[in-house]
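When we follow our numbering, the leftmost residue of the sequence shown carries the number 1, and every step to the right adds one.
If you're looking for bench data, these hints aren't it; they were derived computationally from the structure.
Note that the structure is predicted; figures quoted are calculated from it, not measured.
Every residue, glycine too, gets a C-beta built ideally from N, C-alpha and C.
Any given hint could turn out to be false.
Taking lysine to any residue and the SDA-like style, the derived pairs with C-alpha atoms no more than 20 Å apart in a straight line are [to be verified]:
no.: 1; residue 1: K212; residue 2: S260
no.: 2; residue 1: K497; residue 2: E539
no.: 3; residue 1: K497; residue 2: K509
no.: 4; residue 1: K523; residue 2: K471
no.: 5; residue 1: K67; residue 2: I47
no.: 6; residue 1: K523; residue 2: E539
no.: 7; residue 1: K101; residue 2: K177
no.: 8; residue 1: K146; residue 2: D206
no.: 9; residue 1: K132; residue 2: K78
no.: 10; residue 1: K651; residue 2: N692
no.: 11; residue 1: K132; residue 2: K67
no.: 12; residue 1: K651; residue 2: S686
no.: 13; residue 1: K78; residue 2: E158
no.: 14; residue 1: K386; residue 2: K193
no.: 15; residue 1: K748; residue 2: P766
no.: 16; residue 1: K471; residue 2: D423
no.: 17; residue 1: K689; residue 2: D679
no.: 18; residue 1: K504; residue 2: E481
no.: 19; residue 1: K27; residue 2: I14
no.: 20; residue 1: K193; residue 2: K101
no.: 21; residue 1: K707; residue 2: P766
no.: 22; residue 1: K169; residue 2: Y213
no.: 23; residue 1: K554; residue 2: K497
no.: 24; residue 1: K31; residue 2: I65
no.: 25; residue 1: K405; residue 2: E508
no.: 26; residue 1: K31; residue 2: F17
no.: 27; residue 1: K412; residue 2: K509
no.: 28; residue 1: K624; residue 2: S686
no.: 29; residue 1: K289; residue 2: K405
no.: 30; residue 1: K169; residue 2: E158
no.: 31; residue 1: K177; residue 2: S260
no.: 32; residue 1: K373; residue 2: K523
What follows is a list of derived Cβ distance ranges for each label pair [stated by the list, open to error]:
no.: 33; residue 1: H456; residue 2: Q530; range: 37 to 43 Å
no.: 34; residue 1: T555; residue 2: K529; range: 36 to 42 Å
no.: 35; residue 1: N49; residue 2: S304; range: 57 to 63 Å
no.: 36; residue 1: Y37; residue 2: L183; range: 20 to 26 Å
no.: 37; residue 1: S540; residue 2: Y612; range: 28 to 34 Å
no.: 38; residue 1: E450; residue 2: K309; range: 23 to 29 Å
no.: 39; residue 1: G680; residue 2: S540; range: 26 to 32 Å
no.: 40; residue 1: E527; residue 2: N600; range: 36 to 42 Å
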Amino acid sequence: MEFLLEKIEEYVLILDFNGRIIFANSKFLNKFGYEKYELYKLNINEIINNDYLETDKVSLHKNGIDKELEFTTQNGQKIKLESNIFIDDFKGERSLFILAKEIENLNFIPEHLELLLDNIYTGTFIKDASGKYLYYSKPLCKFLGKSQEEVIGRYDEEIFPESIAENFKATDKIVIKSKVGKLYNDKINLFGKEIIYETYKLPIYDENNNLKYIIGTCKDTSLQNIARNEIFQNYNKAISANTDKSQDGTYNLLNNISNSIIEHSNAKGLTIYIYDKEALELIPYIKLKNAAKVLSRVDKIRISKNEEKAILDGKSYRGFKNICKMVTKTDIEEIDLKIEEDNIEYLCTYPMIVNNELIGILSMTYSKEKAPKYNQDSLFEEIADKLAMLVKNYRLSQELKLENKKRKEYEKELRNYLDVSVDLKSITNIDGYIIKANSSWENILGWNEEELKAMHYSDFIHPDDISILEKLYNSNYITEEINHIIIRCLCKDNNYKWIELSIKYIKEKNAFISTGIDITKRKEIEEEKQKLEEAIQLESIRNEFFGNISHEFKTPLNIILGIVQLIDKNIDSDNITKENLLRHVNIMRQNSYRLLRLVNNLIDISRIDIGYYNLQSSNYNIVKVIEDITLSIAEYIKHKKINLLFNTDFKEIILACDVDKIERVMLNLLSNAIKYTDDGGNIQVSLNKVNNDVIISVKDSGVGIPKDKLELIFDRFGQANSILSRRCEGSGIGLSIVKSIVQMHGGKIEVFSEVGKGTEFVFNIPIKILEEENVILTCDNKDYHIEKCNIEFSDIYSI
C-alpha cells in the first residue's frame, strides 16, 4: 500500500485517531522539507494553521470531508492545499487519510481586463513609444465622443483638433522626460461646452530601460469642480455685487450654479426648493428644463413637522431612485407630473442642510437614455451641502448688510447728538477701547476721537484709579445697573483732570455707554476744604495733646511741691516722724519717676522722628527675657490681686534683639494691662513660634477698647478713649513708641479687643542671629531693672 501511495499525484498524510502522523509520502516530505523521523513525532495540529482539526467528526461523513488546510513547512512558510479527509485501513488499523493537492490558479484572460476597464467610471488608454494608441476604453471614447475604431491605431493629431493634440503630446513628453507618473487637471472644449478633466499618465520601460508604453487614466471632473470651486466663485461674485435686493441676488446665484450642474449631469430637469421654516413650505425657487414645465402650476409644497424631521434624519428625499409616477401635493390640488409623457425614469433628491437646519432640497430628473451610469449620490450630497451653506451664508451676509445700514443710520443720529452735548460722551467696547467719543473729549482733555480709539482706558486713566474700571469691565461682575465713579483722566498736556462718570453696560451691543463731567475745580475746592478741616482737627489734637502733657507735668510737680510744703510745715512744728518722712519720700520718688518717664518718652519720640533712635542688638534667649520681665512685675499687682500667667512651650529661642527696648515694650504693655484691669482680673503673657517668627501676646481681662477706636490706639496724639485716659494717669504716647520699637526689629504689632471682655496686644519678632556675637545669658543688674519698672509703673498708685 505504501508503494501505491508513493505513486499518486496528491500529497498524502496518514494519522491515527489522536492526530499523530504515522505516514507521509515523499511528495509531501519533499514539498514541506521534513524528514520522516521529524514528521512522525508530530501531531497534525502542530503543522496546520487552521482551527483545531476535529478528527472525530470525519466518521460522520460517508465520503469524508473536503477542507482547505494551511500547512507550515519546516522553514515556516505557509502553503494552502485543497484536502479530502476520510477513514480507511492502514497496516490493519483504522486510520485517517488526508489527500491534498495544490489549489488551482484561476486562468486570467485579456477579456477579463477589458471587461473591467470598459465598465469602470475612469477611462483608460495605452500608447506605444511612438504615441500610437494601442487601447482606448469605452468610457473614454464616450467622454470624447469617439468610437474605439476611430482611436485605436491612430495618433493624437489624427484624432483631435490641433490645440488638443499638441496639449496631449506635451504632457507625454513631460512624463517621458521625468520617467515618473504625473497627474494633470485641465480643461477641454467639447460639444460646445467646457469640460474639466483629470488625467494620470505613467511611462513603462522594458528591461533595457527603453520606453515601451505610456498608460493613463482620464475622467470628467466637471461636477467635482462645481462642488469644490464654482459654487464659491459664484458666491464671491454675488457678495461683491453688493446689491440691496437680496431676493434677486439669491436667485441669480443659484440659477448660475444650477445651469452648470444640469449642463454637466445630463439631467432632464433640475429644481432647487427653498424651505420656509415658519410656513412649513418648500418653494420651487429654481426650475430648469423639464422642471419648469412640470412645476409651472406649483408655487409651494407643504410638509409637516414630521416630514421635516424625516428629511433631517435622512429617511426621505435622499438619493437616486427609479420611479414610475410621482404625485406632488399642494394646498390646492394634486398635479400629475406626466412622468411617462416626459420620459422621466429616475429622480434624485438631496436635502440641503446646515447644522441640522433644513435650507432646501436639490432635485434632478433623468430620462432612461441619459441616466448616469454610476451612482453619484456622494458627489451630489456634497453639492447640496455646499449649496445649503452658500444660501445660509448669503442670507446672513444680506442680513449683516441690512444691519450695518441701520447701524450707520443710528451712528449718524448718535453722532449728531453727541457732538452737541457739552458733557463727555463715549461708547467703549468690552475690551476697554473707545469706539465712539464726542468732541467734548478734545475740548476738555485735548484728545481727539482718533487718538482715543487707539488707546486702552488704562492709557489715560491715573494708575491709582485703574482698579475702579477693571472691576467694572470684569466679566464676572458686569451688571446693567448705572455705575457712578470718579476718576482722574490724563490730558494731552500730561496733567490730570477729575472726571465724574456715569457708566451703563448695554447687553445687546456688548458695550459700555458713559457720560461724564469735569469736576476738577470742585475737587480742588473739596481738597482745600478737607485740608483746612484736617489742619483744624490736627491743631485741636495737638492742643489736646499738649494740654495732656502739661497736665502730666503739672500733676507730679504739684504733688512733689505739696509734699515739700508738708514736710517743711512738719519740721517747723517739730511734728515729723520717720514713718511719715519715708512715706512722703516714696510719694516724691514715684512722681519723680513719672516725670522721668514722660521726659524719656518725649525724648524718644523726637529721636525716632529724626532717625537717631537706634537698636543695640545682641543674641538673647528671648524665652528667658520675656519670662523674667513678666515675673518681675509680680510685686506691682499684689495689691490688685490680679492673676499673672506666663505661658509657652519653648525653653530656648535664640534671636538678635535690643533687650532694653524689648523690655520697654513689655513693661509698657503690662503697665497698660494692669491699669485697665479690675481687681481680681487676669493677665496672661504667651510666647509661641510660627515659621521663622516669635509671637508674643499680652492679654488682659480689662475694660476693653471700642472697635472704632482700635486704629487710633497707636496714635501718639491721643488714647483710644478720653474716659480711659482719665481713669488712669498717662500721656498716651507710650504705645506709639512701642509700635516704633517693634517695627525697628522687623515685626509688627496688632491689637484685638472687645468692650467689657478685655484686650490683647500681639507682636512678632523675626528670628535672626548675629553670627559673630555670643549668646548673652544674663541681662541688666537687678537694681537697674527695678528702677525701670518703677519708672514704667509710676502712674499706677497703690492706695
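At the C-beta level, are E527 and N600 separated by a distance inside 36 to 42 Å? holds, 39 Å
Can the restraint linking K193 and K101 be considered satisfied, given a maximum Cα separation of 20 Å? Not OK: K193 and K101 at ~60 Å, beyond 20 Å, violated.
With the threshold set at 20 Å, check whether the alpha-carbon distance from K504 to E481 stays at or below it. holds, 6 Å
Does K31 pair with F17 here, judged by a C-alpha cut-off of 20 Å? violated, 24 Å
Pair hint K31 and I65, alpha-carbon separation not exceeding 20 Å: violated, 23 Å
Keeping to a limit of 20 Å between CA atoms, is the pair of K132 and K78 held or broken? Since the Cα atoms of K132 and K78 sit roughly 45 Å apart, the hinted pair is violated (cutoff 20 Å).
Run the distance test for K523 versus E539: straight-line Cα separation, threshold 20 Å. Not satisfied, since the Cα-Cα distance of roughly 24 Å exceeds 20 Å.
Hinted pair K169 and Y213, Cα distance within 20 Å: Holds. K169 to Y213 sits at ~14 Å (cutoff 20 Å).
Sort out whether K509 lies within 20 Å of K497, counting only the CA atoms. With Cα atoms ~29 Å apart, K497 and K509 exceed 20 Å; violated.
Are the Cα atoms of K651 and N692 separated by 20 Å or less? holds, 16 Å
Hey, K707 versus P766, does the alpha-carbon distance stay inside 20 Å? violated, 28 Å
Compare the distance between the alpha carbons of K386 and K193 with 20 Å, and conclude whether the hinted pair is satisfied. Judged against 20 Å, a Cα distance of about 23 Å means the pair is violated.
In the structure shown, a violation is registered for the earlier hints numbered 1, 2, 3, 4, 6, 7, 8, 9, 11, 13, 14, 16, 17, 20, 21, 23, 24, 26, 29, 31, 32, 33, 36, 38, 39, in ascending order.
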